[in-house]
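Listed below are the residues making up each chain.
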Amino acid sequence: MVGRALSVCLFLCLFLSPPVFAGQAQDDLMEWMRRQADVQRIEGRFLQHRKTPLLAKPLISAGTFRLERPDRIRWVVENPEAMVLEMDGDQIRGGRPGKLRELPSVEGMAGLREMTGLFFGGSRVAMDRFRIKAGPTENSFVLTPREEGARHDLAHLEMVLGGPEDGLSEIVLASGSGDVSRIRFLDVVVQRMVTEKLR
Amino acid sequence: MSQKGSPWIRSLSDWIVRQAAGIRWASFVLLLLSATSLLWLRVDVGLVSMLPSGQPAFDSYAEFITRFAERDAAVAVLRAPDEAAASQFAEDFVAALAQEEAVAGVRGSIDVDAFIDFAMQGGFVRYTTEDFQPALRQRLDPRAGPEIASGIRGLLAMPGSGAAATRMAADPLGFTGILAESLEANRPDRALSPGSRYLTSPDGQRLLLLIQPAASGYSMEDVARLSAALTRAEVRARQEWAGVESEALSIGYTGAFAFAREDAAMMRSDLMRYTGTAFFGVLLIFLVAARSGRFLPILGYHLLLGSLVTLAVGLLVFQRLDVISLAFAAIFYGLAIDAAIHFHTRFREEVAAGGTPQDAVGATLAHILWPTTIASMTTGIAFALLGFASLEGIAQLGLLTAIGIFWNAAATLVLLPALLLGAHPHWQDPGRALWLGRLTGFVAHHRPVFMVALVFWVVAVATGAVRARLDTDLFALRPGDSEAAAVQDEISEQFGFTNPHGSVMLAVGAGAGEAGEEALLQAVETTTRRLESFIESGAVLSITSPSVLLPSIATQRNRIDWWADQPREPAAVALETSLIEAGFQLPAFRVGLQSLRAIPEPISPLAEPPPGMEPIYEHHVREDSLGTAILVSFTPESLAGLRVVATDLETNLVLPAGVSLQVAARPLMEAELSRTLRSEVQAFLVLVLALTLGLLAWRERQPRVLLALVALPVLSVLGTVGVAGWLGLVFTPVNIIILPLVAGIALDDGLFLMARYRDEGSIVPAMERGGRALSITTATTMVGFGALALSRYPALGGLGVVAAIGLITAFSLMIWILPLALPGARR
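Same order as they appear, the protein sequences are chains A and B.
Going by our numbering, 28 is the number at position 44 of the first sequence; the sequence numbering is gapless.
Going by our numbering, 234 is the number at position 237 of the second sequence; the sequence numbering is gapless.
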């Protein structure tokens, strides 16, 4: 059951993927994307505050994450329900800690790769699927899907920069059904590729 | 030398001399009128026109192709480095296609939300197969409630699971997943993967899109329009991918459209190449061999007019021409020039002998009218008989060439003299073929030796004829380096869409109503079960049946009855309790809880296919003016297995009233085609020989000469088949038509030589005089057919090679047999 739920979750991640630009905000985001090109690995903690019509009260969850280029991912939810999701290339595993099982290779896998890409600066193609404008705070951007049909699952995505090593510090996801998740990234460690120049 | 012939030939000659100018002008007007036919030329390049008809096996296969294969007009495979890129590129491409008028629609993506809605509105009860019902039953365990609530909370705790949580609320017990697994487990092909929005290959690097064209049919114009639309759409889609290497993303096409597009592109260039080569080639040979440059413009005009008139008449008769039939022009140039060369040669001789051009016309007509008439009739009839061929393209080719031959006979006897009278050149004697005369004399002087040699030759070619092979694989007639064929193989390999050698078409007529459709659905289930029993016996290797997507109302009722008996209410109450205890708001789970308690009604799957399954539905179901048809495909273990299965299904399977069953299978069709072709060719040859015999018996009274003239076509055909057998050349449904033609041409050669023989009284001078024209006509005919060898279309290329063998054989036998049969001197 949990595995099935996770596979559906993976599918959902697709809609996190695509973003884009308009005017100065677009240029700024493009510039940020270029600066993330040499990020090799990101790990840290996350804290999610989620308000959903399904629950009477907001749900707060916390855990750790580790993303490694090109497509190795590990999300560990520690509170309130222990849950693990791992992806390594085409392999996806998920479930309770110690009871992970192989999950089917579904479209969510592609979405998860895109999400990894977002941490690493995203891709132009993915960004092109969004309208971009400056966010409410400095160094933030609001991305709205260009495709009307996609807005039910993701009405808008807010990216807040300014984290360690110039990375993401916060993401806000809002769905058309009133589900809003604010995910903060804490104690983030970024490892960049060592270039010839630095040596 | 001059002789006037019968009175009516003299009358004809006088009329031509009087009306020469008028005839020339009339021909020019006719040329202009005929040339306009090029403006309304419509050419079919589809596969159906290459399919035979007239036998049940042919008609079943043709109906299968017409109703099922042609509709899947453009099957596109999108290739990308990974699934994400493939999906996004597909979306860009589909968006670009939506702007094209030539595209009616695109199938390929699966709307997950719509699929969940469908499932929760009773779809999971009606469509989940019996083998997955235990899984449904397991979800109804009231003890699972707390675990389900905990799982949903765990999912909500995972970052980025917003929409997933909504979907979990709609289907808290995961019935959609079970339905998806059930469909996947019983899926008709590997492309159906419920977790994917697209029909995706297992490695995620390929997507399948079915593009429906706005226009039906395969005229070159429709193909060109759709092709241009696809190209524009691909260019627009690629604009979204600036910076991505073009090799990383690619689109390949297959299906009837793609094959037709390849044919159209290839045929256009091929047509120009081989028709042009044939036209200028025969003229060049004539120029070199006959050394008569002044006659060249007349000959060119004569041939051009003949081909245009034939094309115009052909279009009036057929409205649209098959692309194969356009090869008629090359064949026509090679054949039609023969009579003109004979006329020209004789005419020059008459003028060189001192006659006026006007007298020469009469004398020439007197000499060549009968040989020309009989030769044209035999050759024309041979081609006209091809009009009864079971392949439409071949039938058209035969009839068009026959029209051309008959026109040419009349034009050679009326227009050509008029043109010659208007030319006023200085005509010289065309000369003699002394080497042919010497060769013939040598044969005549060593009659016993050559007679024995002939017997040995007959034995040798008869042995070769036994080795000759007929290949009725229609797809082998297509170019081997076809990209569409490669993409088709790629789809078979990557998506599991088999290229079934067996297709069962179950159908009800238009207006069958709901009862008819239910009978049809039950028939599909019955047929699938029967085919599954053949898997156990080994006669069938695999089945591709849509029955899992098309449960009959009766099957749905059984499943609904099963659902009604399950402990649904306790499960619903337990789930509600668990959700409340976990802090969930029940109204958000309204749909899921309602589907748990509700007992759905059966719904016709033809009226409402499961969302996202439309591409598979379209692959297997046709609703058209003929009614409704459903396709169940299977791959037989062997041809013998196919026959067993086909016979069993067609004779033993008890189907509901009103449902028809046809087994359409390429191997069966090709086996039948092989039988039919053999009998057709035999019938053609017998008819040609019977007609020849009748015509010859009317003109030729000497049994020995009659026998020799009849032996010429018989042995020429035998020799062609025998030499092809020894050389390992394979006869196909296209190049086999050469055999009746070889018979006709062999007889032509004999008749023209006999006409000379009557004049000269001896075979050697007859060969010296007539052999020159005969060798030129053989060469020009070979060039006409040989030009087809330039075609990249194997069907036409093979025609040229077999024709060359046949013509050389016929010419050689003329030199060999007639000196053996004719008296040395008759003076």
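Misleading hints may appear alongside valid ones.
Claimed, not checked - Output of the computed footprint for chain B on chain A, the stretches with three or more beta carbons under 8 Å from beta carbons of chain B:
| hint | region |
| --- | --- |
| 1 | 14 to 21 |
| 2 | 39 to 51 |
| 3 | 140 to 147 |
| 4 | 159 to 172 |
Said to hold, decoys possible - Straight line, CA to CA, 25 Å or less: simulated SDA-like cross-link-like pairs of lysine to any residue:
| hint | chain 1 | residue 1 | chain 2 | residue 2 |
| --- | --- | --- | --- | --- |
| 5 | A | LYS41 | B | ARG587 |
| 6 | A | LYS41 | B | ALA579 |
| 7 | A | LYS83 | A | ALA46 |
| 8 | A | LYS41 | B | ALA571 |
| 9 | A | LYS117 | A | GLY162 |
| 10 | A | LYS83 | A | GLY162 |
| 11 | A | LYS41 | B | ALA141 |
| 12 | A | LYS35 | B | LEU313 |
| 13 | A | LYS83 | B | ALA579 |
Calculated directly from the structure, the hints in this document are not laboratory data.
Quick reminder that beta carbons are idealized off the backbone N, C-alpha and C, glycines included.
Cross-check of the supplied hints:
1. 14 to 21: Violated: only 0 residues of the region 14 to 21 of chain A have a Cβ under 8 Å from chain B.
2. 39 to 51: holds (count 7)
3. 140 to 147: With 0 residues close enough to chain B, the hint is violated.
4. 159 to 172: Contact hint for the region 159 to 172 of chain A vs chain B: holds, 5 residues under 8 Å.
5. A:LYS41 x B:ARG587: holds, 19 Å
6. A:LYS41 x B:ALA579: Within the cut-off at roughly 11 Å; holds.
7. A:LYS83 x A:ALA46: holds, 20 Å
8. A:LYS41 x B:ALA571: holds, 22 Å
9. A:LYS117 x A:GLY162: holds, 21 Å
10. A:LYS83 x A:GLY162: violated, 32 Å
11. A:LYS41 x B:ALA141: With Cα atoms ~23 Å apart, LYS41 of chain A and ALA141 of chain B stay inside 25 Å; holds.
12. A:LYS35 x B:LEU313: Roughly 75 Å between the alpha carbons, so the hint for LYS35 of chain A and LEU313 of chain B is violated.
13. A:LYS83 x B:ALA579: holds, 22 Å
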